[in-house]
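Asks: Protein chains in written order, with our numbering: chain A, 10 to 436; chain B, 10 to 436.
Bear in mind the hints are in silico, worked out from the structure with no lab data behind them.
Cβ atoms here follow ideal geometry from the backbone N, Cα and C, with glycine treated the same way.
Be careful, since some hints might not be right.
[Stated by the list, open to error] Straight-line Cα separation of at most 25 Å, DSS-like style, residue types lysine-lysine; simulated pairs: (1) A:K113 with B:K376; (2) B:K69 with A:K127; (3) B:K69 with A:K69; (4) B:K127 with A:K61; (5) B:K69 with B:K113; (6) A:K376 with B:K113; (7) A:K69 with A:K113; (8) A:K113 with A:K61; (9) B:K248 with B:K276; (10) B:K376 with A:K69; (11) B:K113 with A:K208; (12) B:K113 with B:K127; (13) A:K248 with A:K208; (14) A:K61 with B:K69; (15) A:K127 with A:K113; (16) A:K113 with B:K208; (17) B:K127 with A:K208.
[Said to hold, decoys possible] For the chain A half of the interface with chain B, some residues (derived, Cβ under 10 Å), not all of them: (18) E27; (19) V52; (20) R59; (21) V63; (22) S123; (23) S166; (24) A204; (25) E207; (26) G227; (27) V241; (28) S286; (29) E289; (30) T329.
2 protein chains.
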Amino acid sequence: MSLSAEIICVGTELLLGEIQNSNAQFLAQQLAQLGIPHFYQTVVGDNPERLKNVLAIACKRAQLLVLTGGLGPTPDDLTTETLADFFDAPLIEQPGILADITRKFAHRGLTVTSNNRKQALVPQGAQILPNSIGSAPGIIWQPRTGLTILTFPGVPSEMQLMWRQTAVPYLQSQGWGQEVIYSRVLRFWGISESALAEKVAPLLDLQSPTVAPYASHGEARLRVTVRSSSEVEALQLIKPVEQQIRQLTGLDCYGIDDDTLASVVGKQLQAAGETLSVAESCTGGGLGQMITSIAGSSSYFKGGVIAYDDAVKRSLLGVTAEGLAAQGAVSATVAKQMATGVCSLLGTTWGLSITGVAGPGGGTPAKPVGLVYLGLARQDGEAESCEYHFGALRGRDWIQRLSACTALDQLRRQLASRLTKTNESAG
Amino acid sequence: MSLSAEIICVGTELLLGEIQNSNAQFLAQQLAQLGIPHFYQTVVGDNPERLKNVLAIACKRAQLLVLTGGLGPTPDDLTTETLADFFDAPLIEQPGILADITRKFAHRGLTVTSNNRKQALVPQGAQILPNSIGSAPGIIWQPRTGLTILTFPGVPSEMQLMWRQTAVPYLQSQGWGQEVIYSRVLRFWGISESALAEKVAPLLDLQSPTVAPYASHGEARLRVTVRSSSEVEALQLIKPVEQQIRQLTGLDCYGIDDDTLASVVGKQLQAAGETLSVAESCTGGGLGQMITSIAGSSSYFKGGVIAYDDAVKRSLLGVTAEGLAAQGAVSATVAKQMATGVCSLLGTTWGLSITGVAGPGGGTPAKPVGLVYLGLARQDGEAESCEYHFGALRGRDWIQRLSACTALDQLRRQLASRLTKTNESAG
């Protein structure tokens, strides 16, 4: 049995569902990358007795406990005290911590409050895990042989920076991460999880690497996982399986790992030296936001028009009054006019448009909530549009997100198939 | 000791950090609203032995186990089988489930695969928890007296619908939710968690309701929580504490519970019968997306211009070549011109603009990553702008999000203080 870690997130706000537990996801990714297996994650409230209960269970299952939350300045922040109590160690005040907090607060024109004093207490024998941007430091502590505890504040940006700056080098110096668990995720758009599983069925029985399908946020994914002593070797083991999957799935596979539809389209446009603009109605800027979430998108994305109101569709995008009157704003005609309009207004190679009924109101029997038209125009004036029915059940956010992703996918397939054709005629 | 629930999320993808565990947050909120306490959440992989280990612990702590994940059609989906095995019950095929899957697939032009057959198996004695949009149903099962198990697929939209349509009525019919744990969250923008805690310090010692501060996504929050036999009574107990907090914090408090800056600004604009447009550079549509995430936003939001490229700032928004040359695109001058430009282009009461350096590239010593100018213009031509330093450390998404939120907050404070002044002069 190899050594393993366990993630424990402390916070009543998690039990009340007030915040997303993004820390667990971040730590899970990081542990996987380091090749440190972890088999359990636990969430518990700001309650010393229950936290002790969780510690007692986790100590028996794992050799590395990573805790987040409960390090703040307020009275309900009890993680450090509870750890000290559980392992029967006294709390010692570290004047350096308070000096650091005072300095940081002064920089922002704030004064230290009495609340912050408790953040200077650490269990005897523990090292400080410094927090360079926030007030709460964490600890690195071996309360007994064979057990290491790391604590982090609950604020994700602080926790992530502390993890990268201090925890990772520390863990590596202690010999954690001798074997890599490496996963490659292949991402698909426009195919269901079960259809995808069917297409790659023979691969699902592989023992190493393993191939597992799942679905998330409207897309299907395949996770190819292998254990190996090095990342290079892991990649070599994964590569032939990935190639088989790509052969079986063709254009449905849009990317791997951290790729997004926006990053893939960005790379395609960059490679072709082409530019893009958007005209958005029911997504209200969500497509532009997706595109500009990619660093460096200014080299191919020029901007666009949020034409939420029909008057804006007419005045800025040249959508015709006739088109609006005859077909309505949610129609193939208007989608094409919007795409053509923004393409020529901003002088880009491509124009993408979205018009639809995001709901929950505004649906009619002929144009129900979830009906969306996506338009794609080229500089030469050619334009196409597609009709989608995303359904009303999953709500407004879902329809908006699916619309923006599918618009990007439409352009991606257009760009990719053109490339395939070019290669074929060249070959 | 009152009855309690426990949330168990099954999925190796969660342990690998590939997806956010949004199901845990949703279920946590729902349990809290129903007044069903839950003290622990556990995540475990698609591994029968470890899932049994988790079940053994959870059975001792709780009387209601809510499981998500592992109900899919693929071989690694093992939740139902493992539950049957743990509680020593045979699996029975339910022909109705397969018929339902077949009908749904036919509707979408798909055929049932052999993978789907396993989804028709349920433990003897369990009822089906129907899934009206996806293929995998869940179960409602009392494997022994005093223990209820509910299972849901991992796909959030399916799980949520099944929870609302079937699980909630079932739980209420079984007498769960006799006492309400009611929380009100007060939301703040433009004040740090510790400064907020200091302002409301005397309230943090209250026993009922309790008041707890925390920070999330750039905003500070106060959670006011009370246990009570009815929601009406809970609200009565919370009300005076909420009023005290509001008096102590003034305009820093922007809303409660599900309020967002976008929803609050929307209500203000609607009440005033005014309209809004946006001009976005570094946020690329993110501000418009936030505004249009609110259903009904078309009554006050007309649209905007995504002026990612400087040429668009000039041609559509009337930003002057002199302004761009002398001050640069990231400047107070350009922010004001963008806001004024979009306000007059779309003919709205207000125009909001954002221009900044979202990074990670593009920063200079004079204009570092994280420097953002927000502009606000009125129909009469009056315009103001504010400079913000969001810092480079937390990354592009963070800067974009903070920029959009702070722009909304700028307009919110403007609209709220105008209202206060009007009331004062009327009073």
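Asks: So, for every hint listed, does it hold in this structure?
Replies: Do the hints match the structure? See the list:
1. Of the pairs offered as hints, the one joining A:K113 and B:K376 holds, with about 22 Å between alpha carbons and a cut-off of 25 Å not exceeded.
2. Only pairs whose Cα atoms come within 25 Å are accepted, and B:K69 paired with A:K127 is rejected, the gap being roughly 35 Å.
3. For the hint pairing B:K69 with A:K69, the CA-to-CA distance comes to about 17 Å; that is within 25 Å, so the pair holds.
4. Distance restraint check for B:K127 and A:K61: the Cα-Cα separation of roughly 40 Å exceeds the 25 Å cut-off, and the hinted pair is therefore not satisfied.
5. Of the supplied pair hints, the one linking B:K69 and B:K113 is violated, its CA atoms being roughly 39 Å apart against a limit of 25 Å.
6. For the given pair, A:K376 sits about 22 Å from B:K113 by alpha-carbon distance, which is consistent with the 25 Å threshold.
7. Pair hint A:K69 plus A:K113 does not hold up; C-alpha atoms about 39 Å apart against a cutoff of 25 Å.
8. Straight-line distance between C-alpha atoms of A:K113 and A:K61 comes to about 33 Å, which puts the hinted pair past the 25 Å bound.
9. Our distance criterion of 25 Å between C-alpha atoms is met by B:K248 and B:K276, whose separation comes to about 21 Å.
10. This hinted pair does not check out: B:K376 and A:K69 have alpha carbons roughly 52 Å apart, beyond 25 Å.
11. Pair hint B:K113 plus A:K208 holds up; C-alpha atoms about 20 Å apart against a cutoff of 25 Å.
12. For the proposed pair B:K113 and B:K127, the alpha carbon gap of about 16 Å is at most 25 Å, so the pair holds.
13. Proposed proximity of A:K248 and A:K208 is supported: the alpha carbons are some 18 Å apart, at most 25 Å.
14. At roughly 16 Å between alpha-carbon atoms, A:K61 and B:K69 fall within 25 Å of each other, so this suggested pair holds.
15. Proximity of A:K127 to A:K113 is assessed by CA-CA distance (about 16 Å); at most 25 Å being required, the pair is judged to hold.
16. About 20 Å separates the Cα atoms of A:K113 and B:K208, which keeps this hinted pair within 25 Å; it holds.
17. For the hint pairing B:K127 with A:K208, the CA-to-CA distance comes to about 18 Å; that is within 25 Å, so the pair holds.
18. Residue-level restraint check for A:E27 holds (minimum Cβ-Cβ distance to chain B is 6 Å; threshold 10 Å).
19. The beta carbon of A:V52 comes within 4 Å of a beta carbon in chain B, closer than 10 Å, and the hint placing it at the interface holds.
20. A distance limit of 10 Å between C-beta atoms decides the matter here; for A:R59 the minimum to chain B is near 5 Å, and the interface restraint holds.
21. Because the closest C-beta pair between A:V63 and chain B is about 7 Å apart, less than 10 Å, the hint holds.
22. Interface hint at A:S123: satisfied, since its Cβ lies 9 Å from the closest Cβ of chain B, which is below the 10 Å cut-off.
23. A least Cβ separation of about 4 Å between A:S166 and chain B falls short of the 10 Å threshold, and the interface hint therefore holds.
24. Look at A:A204: its Cβ gets to within about 6 Å of chain B, closer than 10 Å, so that hint holds up.
25. With its C-beta approaching chain B no nearer than about 5 Å, A:E207 sits inside the 10 Å limit, and its interface hint holds.
26. Of the supplied interface hints, the one on A:G227 holds, with its beta-carbon coming within about 9 Å of a beta-carbon of chain B, less than 10 Å.
27. For A:V241, the shortest C-beta to C-beta distance to chain B is roughly 20 Å, which exceeds 10 Å, and the interface hint is violated.
28. Annotation: interface hint on A:S286 holds; nearest CB of chain B at approximately 8 Å, less than 10 Å.
29. Annotation: A:E289 was flagged as interfacial toward chain B, and the flag holds, the nearest CB pair being 7 Å apart, inside 10 Å.
30. This hint is violated: A:T329 has a C-beta 18 Å from the nearest C-beta of chain B, more than the 10 Å allowed.
Of the numbered hints stated above, those contradicted by the structure are hints 2, 4, 5, 7, 8, 10, 27 and 30, listed in ascending order.
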